Structures are given as structure tokens and as C-alpha cells.
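Q: So the chains spell out like this:
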Amino acid sequence: MVQIDASDLSIREINRQIRQAAEEHDKIELLHPGARHNLAVGLTSDVELTIRGSAGYFCAGLCDSPTVHVEGNVGWGFGDNLMSGRLTVDGHAGAVCGVAQRAGDILVRGNLGSRAAQVMKGGTLVALGNAGYRAGSMMMGGTLIILGDAREALGEFLMDGEIYVAGSIHSLGDDAVEAELREGDAEKVAGILAQHDLEHSGPLRKIISDQRALRYQEYESGELLFGKATEEKTAAAAADGNRDTMSFDSD
Amino acid sequence: MVSGNDYWNKAIIKDIRTKSDIGRYRVRGYGAFKRLPTFDDLTFAFDPAELKKLGPIEDKVNLNTVLGGRYAAKPIVNDMPISVSAMSYGALSKSCKISLAKGAAMVGTSTNTGEGGMLPEEREFSKHLIYQITPGRYGFSIHDLRRADAVEFYISQGAKPGLGGQLMSSKVTDELARIRQIPKGIDLRSPSRHPDILGADDLVIKIEELREATDWQIPISLKIGAGHMRHDIKIAVKDMVDMVAIDGLQGGTGAAPEVVLENIGIPSLSAIVAAIAGVEEMGRRDDVSLMLMGGIKDGVDAAKAMALGADAVGIGTAAILAGTCIACVQCHSNKCPTGITTHKEDLEQRYEIDRNAEWVATFLHNMAMELSAITLASDKDNCHDLCRSDLRALTPEASAITGVPMLDSGVVYEPSDVELPA
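Protein sequences appear in the order of chains A and B. FYI, the numbering used here numbers position 130 of the first sequence as 130, with every residue one higher than the one before it. Here the numbering used here runs 1000 ahead of the position in the second sequence, where the first position is 1.
Simulated from the structure, these hints should not be mistaken for laboratory data. Owing to the predicted nature of the structure, the values given are computational and were not obtained by experimental measurement. Glycine residues also receive a C-beta, built at the ideal position from the N, C-alpha and C atoms. Hints are not guaranteed to be accurate.
Stated by the list, open to error - Cβ pair distances, simulated, as ranges:
#: 1; chain 1: B; residue 1: Lys1184; chain 2: A; residue 2: Val177; range: 16 to 24 Å
#: 2; chain 1: A; residue 1: Arg215; chain 2: B; residue 2: Lys1019; range: 26 to 34 Å
#: 3; chain 1: A; residue 1: Ala235; chain 2: B; residue 2: Met1282; range: 48 to 56 Å
What the hints assert, rightly or not - In silico DSS-like pairs for lysine-lysine, Cα to Cα no more than 27 Å straight-line:
#: 4; chain 1: B; residue 1: Lys1184; chain 2: A; residue 2: Lys188
#: 5; chain 1: B; residue 1: Lys1380; chain 2: B; residue 2: Lys1053
#: 6; chain 1: B; residue 1: Lys1060; chain 2: B; residue 2: Lys1234
#: 7; chain 1: B; residue 1: Lys1184; chain 2: A; residue 2: Lys206
Here chain A stands alone, though its shape is the one from the complex (with noise of 0.2 Å):
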């Protein structure tokens, strides 16, 4: 284990040491963060790093494999784009916790601000506490657990993926549903959970997209334009290797 001080170093410095130590050690503790932004970005090995405080915007943003612990809370974007690994923040998160998290698994003990999950497309994101408004904004995929309350507009644009509430909801957002639990929804939620070493005992609520929205069902062509495309002819011409004789007639 070693030890970093990031009392008088710049960032560029701080996440230059973080990651020559992840080269040469399992496991490293960053002193003195002083909630500042954009801490531990780019980890892509599997280090274990505690941070002893609180940090700013994007703290372990874009990584791959790390373990990552905050004692304080973090800022906006905590495990912007993450890719594998686990993040654990002992306090609060900002705002788009968990922003386009591709897969790995993120817990927040405290509350979630606004829009936590935004574009997410895989992994799990847990939270004890509340969420704030929109969380799951846009969701592809991926599952988001908040065991506190939700705000306003839970789901806004869901796409794919579930999210899982204990508390109260405030409202649903565009294209959210709530579903019925399915047979095994209640063990999955308890395997994550577990993962963490938590367990939830009492009712859950499950939303899901509504799959209304982004759905044009059937497009006009170009071709309303400019004429029909003669298909017959562009495949010959193709065949051919001849582009001057694909053509598109107008009509």
C-alpha cells in the first residue's frame, strides 16, 4: 500500500502519481483531496484506491477495473463512463452520478442528485438515500436501485433497464411505467445488494420504459423528394462497378 498526499499538487500531478502507484501497487490512499474535481480519472487497471475525504466533478470518471472508495462525498458525474469495477462513496453524490455507466458497480450510501443514471447503459447503481429529480434520465440499460425516495420525473425518456425504489416516488417521468415484480426481480435486487454486503426486507417498486416514446413506427422516404430510385438499375450499375450508371430518376 502506499500513500499519496495531495495536499500541494496539482491535479495533473495528484492522478499522475495515482497511476504510476496502480502500476506497482494493489492498493493506495489519497490524503487531503480537498473535494477537488476530476480526482482518479482514467484508472484502467484493477487498483484499489481510498479516497480519505471528499472530491469534486467526475471523480474516477472514465475508468476500467478500478476499486475506488470515497470517505466524503463527491461533486457532479462521480464514475462518468465507467466501464468495470466497483465505486463507493460513503456520503453524498452530485448531480449525474453514474453518467453513461457502461457496466461495474456504483454505491452511494447517502443521496443522489438530480439525473443520476443519466444515459446509462449497463451495471447497477445503488443508492441508500434519495434521489434527486430525473434520475434514470434516458436510461439504455443497466439497473438502478435507490433505496430512499425519488423526485420528480423518475425515468424521464427511459429506454432499457430497470430501476428499483423502496421509498416513495414524487412521479414518473415521460415514458416511464411501473410494473408489476416479476418472478426474480426481488432475488436480483437482493444479489446486488449483496454484493455490497446490504439487504433490503421491505417492498420495492419497479419502473420500466414505457416504450411509447422514440417509436415513429413506419418513415417517409426521400424519395417523396426527388422521385423513386430504380433499384433494378443502381444493382446493375453496382455490379458493374459502374457508378455513372446508378441513377436516380426522377419522376
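Assemble the complex: chain A is given as a structure, and chain B must be docked to it using the hints.
A: Positioned in the frame of chain A, the structure of chain B alone reads:
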């Protein structure tokens, strides 16, 4: 005189009937068709005596172009100031993406992933590959970021400023869904803004995140669909980017609401003038590289854009037209008959990757020669020395937009509120 049949023509009637049928805005690909001020409204003020001296032009003009050297340790150095613009795997077929990468590399210039993630083949065949980070973050990966030669932070694009990307469900194949990590069956619309920035103060932190993730090695570009360019460019400069890609109204797209495609944004001609005015007002013209895109169709357009202040230009529509695109405006439908914008195997097979790559490379080379000829005719040997005084306006509108004097009369219809550089 316009007759009733000319005005209420077949296309207009079909448009009205389509709208009355579908009950929503129309969606299509390609670009804007309406008449707009363009670079054709400018010309060069050549001295006939200089034209007489023009001999062979190959290798007589310095076309080398450095992009993004403000903070990046490794700026992009292209052999010409003309690049292939961002077009995604999704909007385009994989074959077309590979072809554009090969074609651009043949002439030593860069290409751009667009918003659909980085294809391994695209990386393999590109000389310089710019990696886009977009609001939807489709397939975005730290590993691909570190394989890129530059990263472009997409704010918006000329074809649909204010909107995110759009990909109709018919084009979301299994492979495409896997690469972008998106569900199948939806008509994909990207968020219209990045989830993690709401303004300039957030953006500067986000830019720093990308710098830290890439160890300050590669340039960071900001792509802006032209709107309030004079002000937006100032935010870009203050937010510490290395480069700004300006995309005018004429910029093409794989799919967009037609009403936005045709009507929102400002033409490329206006955009570059406003952007230059903005950085000049700050006294920081040299801080950022400026690339102009949107309707650039030949080396003459490139020369005019550079004379107005651009460091480089990008071509998208022209690059695919250089190959087998037949401009049938079906880009959104997955029915592209030439295999350029479709993911249907039988249609994509019609697209010959290497032949199209050669056409793209030849066209880019041709553009570079046109640019060289104009540079020499302007009594210069470096294309980056072209300047506003080399230009003349052919229309009062073009003069008013650019501040360039009219051909013959020399009258300047100068915009009242823009102080323009010499």
C-alpha cells in the same frame, strides 16, 4: 414569371400530403436544399499577371496543417488543410467508414469517428483519427479515447443545432446495438445536451477530465453547429479547447427533422466570419485552430473559407459523393441503394471499399490542387497565408455578410456591428 405549376410543384404537393398523412415532422437524411448564401457568392481578386506565371502547381504550395497545438503535446499534423468530417458508424455503413478512413489516410489527412463509437477497422486504416464524445456516449471507451489522435467534444452539428443525433430503428442492427450499447427497436435520439455539462463552467471541468484521461497528449476539439458563433467561440476559447470545428447550416446528416435541417442555424459563410470576429475581439485568434464544415464542395470553397480565416475545412457530403453516393436522400431509411448508409448486407455488398477509398483520396488530392492553384494565383506559397484582401464579393448580400468589397465597384456592404480584421 413563376407559374402555378412551378410554385405548387410535385415535391411541394407530396410534402404537404406526407405531412397531412403522418401527423408529425418529417425525417430525412442528406443536407439542406434551400437557397443560401454560399462561398459561390465570393470570388478571388487575382492579378492577371500572376495568373500568367502559373505553371505546374504540384508541390509548389505548403499545405501542411497543424491542428490543436494550444495545450496538446501531440497536435494533429495533416498534409493538407482538408479533412473528412464526422459521420458515424450507424449513419454510414461499416464499409463506408473503412473506405473514408483509407481514402483520407492515402492523402495524409484526418477523419473522424462521429458519434457511433470507434470501429477497430477505422482505427487501423486511419492516419489521424478524431474520436467524438457525444451526449449519448454511445460505445464511448477510455481505451478508444487513448487510441485516438484527438478528441472532439460534440456540442451540436450544423444540420440540426440544438438537437442530438438521430438513428432510425431500421438501422439499429445487432452489431450496431452492441457497439453503441443501446436497445434495439427504438428510433434512437441522443440527448440534445451533454448530461454532465450545463454551461461553460461545467465544460471547462469536463475538458480537464478528458485532458487528464489522455495525459494532455492529444488535442481537444469542440464541435459547434453554427448559431451564435461570435459568442460561442469565446466560450470555447475560455474553456481551454485546442480547436473548434464549426459546422454550418449546409452540413449533412444521416437523419434529422427536415424542418430543422432546412431552417435552423446559419450558413457556413456567415459562421466563419462571426467566429473570426469573436476571436479577434478577444485578441486570441492564434489560441485555437478553426475548422469549417458544412457544404464545402471543392478546393475553391476551401480556399475562400481559409481566406476568411479558417485554418482547415472538413468535407462530409462531398466525400461520399466522390464515391458512389447518388444523392437519393434515403440516408435515414436503411435502404441506401449504393450501400453507403445502409446496414443491409445485400445493399452494403454493392459498396466497393477500396475503389471508393481511391475516389475519396483522388477527390481530396484534387481539392488540394485547386487550393494550391488559388494560393499561387494570389502570389503566395502557403495556403495559410490566404487572407480577406484576396477576396471579392459577387453579391451585396455576400459583401454584407463577409465585409469583403464588391468585385469591380469595391463597395463594401459592411456589417455595422462587426469589426473585421484586415
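Q: Quick check on a hinted range of 48 to 56 Å for Ala235/A and Met1282/B, using CB atoms only.
A: holds, 54 Å
Q: Decide if the proposed pair is consistent with the structure: Lys1184/B and Lys206/A, CA atoms, cutoff 27 Å inclusive.
A: Between Lys1184/B and Lys206/A the Cα gap is close to 21 Å, so the pair holds against 27 Å.
Q: Please work out if Lys1184/B and Lys188/A have their alpha carbons no farther apart than 27 Å.
A: Cα-Cα ~23 Å, so holds.
Q: Is it true that the CA of Lys1380/B sits at most 27 Å from the CA of Lys1053/B?
A: holds, 12 Å
Q: Could you see if the CB distance from Lys1184/B to Val177/A stays within 16 to 24 Å?
A: Holds, since Lys1184/B and Val177/A (Cβ atoms, about 19 Å apart) stay within the stated range.
Q: Could you check the hint for me, namely that Arg215/A and Lys1019/B are 26 to 34 Å apart, CB to CB?
A: violated, 19 Å
Q: Tell me if the straight-line CA distance from Lys1060/B to Lys1234/B falls inside 27 Å.
A: It is violated: about 36 Å lies between the C-alpha atoms, which goes past 27 Å.
Checked against the numbered hints given earlier, this structure breaks hints 2 and 6; the rest are met.
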